[in-house]
Amino acid sequence: MSRTLVVVKREFTESVRSKMFIIMTLFGPLLIAGVFAFQIVMFRSTGGEKKLVIVDATPEHLGAQIATVLKAAGAGTQRERATTYSSEMITLAGHDTAQLRKQIAQRVDTDEIDGYLWLDPGVLKGDSVRYDGKNATVMQEMGQLHAAVQSAVQTARLGAAGVDPRAVAVALQPVPFSSRKAGKGAVKGNAAAIFGVAYFMGYITLLVIILYGAAVQRGVLEEKKDRIVEVITSSIRAEQLMFGKVAGIGGASLLQISLWAGFAALALHFGNPLLVRMGVGTIDLPDIPSSVWFVFLFFFAGGFFLYSSLYAALGALATTDQEGQQLLLPVTMILMVSYFISFRAMNAPDSTIAIVASMVPFSAPLIVPIRAMMTNVPAIQLIASALLLIGGGLGMTWLGGKIYRIGVLTTGKKPTFMEVMRWLRTA
Amino acid sequence: MSVGDAVIELRGVEKRYDTHLAVRGMDLVIPRGSTYGLLGPNGAGKTTTIRMILGIIEPTAGDIKVFGAPLEMRALDRIGYLPEERGLYRRMTVRKVLVFLGELKGISKGDALPRIDSWLERMGLSERANARVQELSKGMQQKVQFIASILHNPELVILDEPFSGLDPINQQVLKEIVLDLQKAGHTIVFCTHMIDQAERTCDHVCIIARGQKVVDGTMSDVKKRAGGENVALVVDAWTEASRRVVDAHAGIVHARVEGTDAEIMLRIGARSSDLLKELVESGVSIRRFERVEPSLEQIFIERAGPLVSPDGQRVVAHV
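Heads up: the protein sequence lines correspond to chains A and B, in order. So the first sequence is numbered by our numbering: it starts at 194 and just counts up by one. So the second sequence is numbered by our numbering: it starts at 76 and just counts up by one.
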């Protein structure tokens with residue numbers, strides 16, 4: 194067996210036998226799903242009754258119509274945590290505007306009401322409507338309020354144009370809408386599901402790089418602290434040790450992802466009939482061609498190698514766990530920037546920033562699979578991204594190997610930047 | 076000895092770290108089948124030299140040949156190495172870590188396991204084979220590491236301070252194994268600053284100081300070339316006058332006085348008879364006055380020690 198394979202085998206075996214691997218394999222999907230669910234719950238309205246004041250200065254008495262729409266919106270919702278609205282109407286007649294605004298604002302301060310909607314006389318002609326309230330940052334509630342104002346104003350405008358209000362009500366009924374992605378070679382299916390899978394691809398790449406990259410760094414640091422590295426490097430080259438470590442731990446991460454994918458397939462196989470029986474409907478996964486899966490796996494593996502080589506070099510530079518943590522910060526920053534760009538790539542996969550980020554080896558592993566999910570990435574761009582990632586990965590392995598070679602034998606104090614530069618010149 | 080018999084050959088080897096020259100102009104020939112002592116004080120450059128021989132670090136200049144050729148990865152399978160800084164994977168079991176280190180040296184798990192069991196038994200560690208390394212005492216861990224260095228039956232064994240940290244019983248166990256390796260014709264390199272140990276075990280020696288070789292050759296050659304006369308002196312009791320003689324005699328380079336015994340190294344050209352005459356005149360009662368070969372420790376202190384400056388200023392140490 195090749196010496197590098199011996200290291201790969203040890204790293205893989207030790208990784209998959211660790212308690213952390215077993216726990217994460219079994220409970221990781223639940224944890225990830227939990228994090229997603231938590232985010233959704235946190236962004237949702239807290240529900241309950243919202244007390245509003247509608248200050249109506251419009252000659253058309255739009256406030257009353259808005260109150261009616263809001264009441265209907267709340268009543269029509271079956272959910273347990275639905276938001277309902279009770280509205281108190283105030284007309285401007287006989288009030289000093291500034292004084293009235295101050296009084297109502299005080300009622301918000303004392304929690305008597307949640308907020309107030311101010312309708313100026315010219316709303317129908319295009320004046321803006323303003324809401325001041327404690328819940329102004331709750332997107333779901335502001336959406337409902339905006340929709341109610343929109344509906345009331347549109348109804349009034351059409352009424353003013355001579356359209357029968359009953360016909361308006363029929364015309365303005367919401368239309369059930371769904372979108373399905375189409376086009377030659379692109380992923381087809383439910384647009385929301387495609388978005389979800391693309392987001393998941395980026396998220397899982399980020400998660401695995403951070404989790405397992407840190408494991409590589411920790412492993413290197415442990416070898417330094419346990420002083421075993423000198424014994425090993427008397428049998429194989431430091432670069433082989435580094436490569437074996439990255440490949441072994443990378444293999445463990447791929448196994449874990451495969452197991453998660455298996456769990457997901459089982460969950461869909463047995464879960465969908467259950468959901469149908471419960472009347473919820475099925476989870477409609479998009480039709481993802483194998484070429485997109487290949488792109489995902491290629492860039493995932495390439496990204497893992499690139500970042501893990503970097504993490505290994507950083508592990509070789511550190512002499513204590515604390516130093517190791519400090520050195521992680523710049524890498525985490527690079528990853529987070531790539532993650533934020535991935536949102537842009539989801540909404541505008543052909544934008545300049547998405548294309549440029551596809552060509553940068555550090556961001557390509559997150560961006561390219563997302564673009565492949567969302568659009569038809571030209572073959573030339575895919576090839577260029579892949580070549581640049583391979584080049585970047587090899588360069589990083591070479592650079593990391595040079596740092597690693599000297600760093601793993603260095604104890605005592607953390608080397609300075611200038612010292613590392615000298616290592617690169619002399620190693 | 077011809078260079079063709081050399082297991083290791085260094086020519087003009089240097090290692091520079093920035094402005095610090097750790098090893099300079101190192102020429103070294105380690106003959107096949109020898110027990111070679113690489114001696115020097117702490118920081119002399121011994122470990123750096125060993126690391127360059129093993130390819131762990133690259134020399135800044137010079138040529139290194141191992142088994143007659145520039146170092147190849149395959150040659151590393153023929154070398155066993157016990158580094159000064161001991162270390163094992165602490166969470167692995169003894170048997171597993173030995174299988175791993177054996178596989179790194181090219182022996183299969185199937186071949187390694189019976190050898191491991193045999194060595195563990197000889198070292199008295201059979202019952203700890205499935206214990207995690209971190210559960211073992213420091214001495215036990217050192218014995219496990221020693222097994223790792225010889226498990227693949229290497230032609231060349233490099234042992235960096237092999238006895239440090241071991242109790243006398245375990246030191247004896249290791250010495251017996253080293254003796255067996257010697258008898259079996261293995262080349263052994265001892266890297267140590269424990270000179271008396273090296274003198275008893277090695278047939279060849281090289282003393283390194285401040286990154287440079289100061290003397291090398293067979294043990295007898297080194298002693299012969301040490302120069303000067305050496306005297307073993309035993310008195311009944313030191314007198315004030317006799318102490319003054321030892322402290323002030325112009326021909327003495329180095330004297331080690333321990334109780335009523337003294338080992339005295341004389342300057343080249345100085346005569347032991349002059350010293351004897353002065354001692355007799357000082358009135359001290361002499362039980363033994365004998366010209367002897369210098370001990371390796373004397374040579375080491377003279378050539379590598381900080382006690383003697385390069386201009387040969389005299390030193391007298393009362394122990």
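Treat the hints with caution; some may be incorrect.
[To be verified] Facing chain A, a subset of chain B residues (Cβ under 8 angstroms, in silico):
| hint | residue |
| --- | --- |
| 1 | D93 |
| 2 | L129 |
| 3 | E147 |
| 4 | L151 |
| 5 | R161 |
| 6 | G162 |
| 7 | L163 |
| 8 | Y164 |
| 9 | F175 |
| 10 | L176 |
| 11 | L179 |
| 12 | V289 |
| 13 | W313 |
[To be verified] SDA-like, lysine to any residue: derived pairs with alpha carbons at most 20 angstroms apart:
| hint | chain 1 | residue 1 | chain 2 | residue 2 |
| --- | --- | --- | --- | --- |
| 14 | A | K202 | B | D186 |
| 15 | A | K202 | B | T168 |
| 16 | B | K184 | A | L198 |
| 17 | A | K202 | B | R166 |
| 18 | B | K184 | A | S195 |
| 19 | A | K212 | B | R166 |
| 20 | A | K418 | B | S183 |
| 21 | A | K595 | B | R166 |
| 22 | B | K184 | B | R207 |
| 23 | A | K202 | B | S347 |
| 24 | B | K184 | B | M167 |
| 25 | B | K299 | B | K352 |
| 26 | A | K418 | B | R207 |
| 27 | A | K212 | A | W453 |
| 28 | A | K418 | B | E210 |
| 29 | A | K212 | B | I182 |
| 30 | A | K244 | A | D325 |
| 31 | B | K171 | A | D325 |
| 32 | A | K418 | B | A325 |
| 33 | A | K202 | B | E147 |
| 34 | A | K595 | B | M148 |
| 35 | A | K418 | B | L211 |
| 36 | A | K418 | B | G214 |
| 37 | A | K595 | B | D93 |
| 38 | B | K213 | A | E415 |
| 39 | A | K202 | B | K171 |
| 40 | A | K202 | B | I182 |
If you're looking for bench data, these hints aren't it; they were derived computationally from the structure. Heads up, the beta-carbon is just placed ideally off N, CA and C, and yes, glycines get one too.
How the hints compare with the structure:
The criterion of a C-beta within 8 angstroms of any C-beta in chain A is met by D93(B), whose closest approach is roughly 6 angstroms, and the hint holds. Satisfaction of the interface hint for L129(B) is found here, the shortest Cβ-Cβ separation to chain A being roughly 5 angstroms, below the 8 angstroms cut-off. Given hint, E147(B) at the interface with chain A, is violated; its Cβ is 11 angstroms from that chain's nearest Cβ, farther than 8 angstroms. Evaluation of the L151(B) hint against chain A yields a held restraint, the C-beta minimum of about 6 angstroms falling below 8 angstroms.
A hinted interface residue such as R161(B) counts as satisfied when its beta carbon comes closer than 8 angstroms to some beta carbon of chain A; here the least separation is about 6 angstroms, so the hint holds. Hint status for G162(B) relative to chain A: holds, with the closest Cβ pair at about 3 angstroms, below 8 angstroms. The beta carbon of L163(B) is positioned within 8 angstroms of a beta carbon in chain A (closest approach about 6 angstroms), and the interface hint is therefore held. Interface restraint check for Y164(B): the shortest CB-CB distance to chain A comes to about 6 angstroms, inside 8 angstroms, so the restraint holds.
Below 8 angstroms, beta-carbon pairs count as interface contacts, and F175(B) has one with chain A at about 5 angstroms; its hint therefore holds. Restraint check, L176(B) versus chain A: the minimum CB separation of about 7 angstroms is within 8 angstroms; hint holds. With a least beta-carbon distance of about 4 angstroms to chain A, the hint placing L179(B) at the interface is held under the 8 angstroms criterion. Because the beta carbon of V289(B) sits about 26 angstroms from the nearest beta carbon in chain A, more than 8 angstroms, this interface hint is broken.
Proximity of W313(B) to chain A is violated relative to the hint, the smallest CB-CB distance being about 46 angstroms (cut-off 8 angstroms). With a CA separation close to 18 angstroms, the supplied pair K202(A) and D186(B) stays within the 20 angstroms bound. For a cut-off of 20 angstroms, the pair hint linking K202(A) to T168(B) stands: about 16 angstroms separates their Cα positions. For the suggested pair K184(B) and L198(A), the alpha carbons sit about 14 angstroms apart, so the restraint of at most 20 angstroms is met.
Our distance criterion of 20 angstroms between C-alpha atoms is met by K202(A) and R166(B), whose separation comes to about 16 angstroms. The straight-line distance between the Cα atoms of K184(B) and S195(A) is roughly 13 angstroms, inside the 20 angstroms bound, and the hint therefore holds. The straight-line distance between the Cα atoms of K212(A) and R166(B) is roughly 13 angstroms, inside the 20 angstroms bound, and the hint therefore holds. For the hint linking K418(A) to S183(B), the alpha-carbon distance of about 28 angstroms lies beyond 20 angstroms, and the restraint is violated.
Proposed proximity of K595(A) and R166(B) is contradicted: the alpha carbons are some 28 angstroms apart, above 20 angstroms. Pair hint K184(B) plus R207(B) holds up; C-alpha atoms about 19 angstroms apart against a cutoff of 20 angstroms. Under the criterion of a C-alpha separation no larger than 20 angstroms, the hint pairing K202(A) with S347(B) is inconsistent with the structure, at around 67 angstroms. About 16 angstroms separates the Cα atoms of K184(B) and M167(B), which keeps this hinted pair within 20 angstroms; it holds.
Restraint check for K299(B) and K352(B): not satisfied, since their Cα atoms lie roughly 25 angstroms apart, outside the 20 angstroms limit. Distance hint between K418(A) and R207(B) is fulfilled; the C-alpha atoms sit about 17 angstroms from each other, no more than 20 angstroms. For the suggested pair K212(A) and W453(A), the alpha carbons sit about 17 angstroms apart, so the restraint of at most 20 angstroms is met. A threshold of 20 angstroms between alpha carbons decides the hint, and for K418(A) with E210(B) the separation of about 17 angstroms falls inside it, so the pair holds.
Pair hint K212(A) plus I182(B) does not hold up; C-alpha atoms about 30 angstroms apart against a cutoff of 20 angstroms. Note on K244(A) and D325(A): the hinted pairing holds, with a Cα-Cα distance of about 12 angstroms set against a maximum of 20 angstroms. In summary, the hint linking K171(B) to D325(A) is not supported, as the alpha carbons are separated by about 69 angstroms, beyond the 20 angstroms threshold. About 52 angstroms separates the Cα atoms of K418(A) and A325(B), which puts this hinted pair outside 20 angstroms; it is violated.
Taking the CA atoms of K202(A) and E147(B), the gap is about 23 angstroms. The hint is violated against a cut of 20 angstroms. Between K595(A) and M148(B) the alpha-carbon distance is near 18 angstroms, which keeps this suggested pair within the 20 angstroms criterion. Taking the CA atoms of K418(A) and L211(B), the gap is near 17 angstroms; set against the 20 angstroms cutoff, the hint holds. A C-alpha spacing of about 18 angstroms is found between K418(A) and G214(B), which places the hinted pair at or below 20 angstroms, so the restraint holds.
Simply put, K595(A) and D93(B) have alpha-carbon atoms about 16 angstroms apart, close enough for the 20 angstroms limit, and the pair holds. Distance restraint check for K213(B) and E415(A): the Cα-Cα separation of roughly 18 angstroms lies within the 20 angstroms cut-off, and the hinted pair is therefore satisfied. Distance restraint check for K202(A) and K171(B): the Cα-Cα separation of roughly 12 angstroms lies within the 20 angstroms cut-off, and the hinted pair is therefore satisfied. Note on K202(A) and I182(B): the hinted pairing holds, with a Cα-Cα distance of about 15 angstroms set against a maximum of 20 angstroms.
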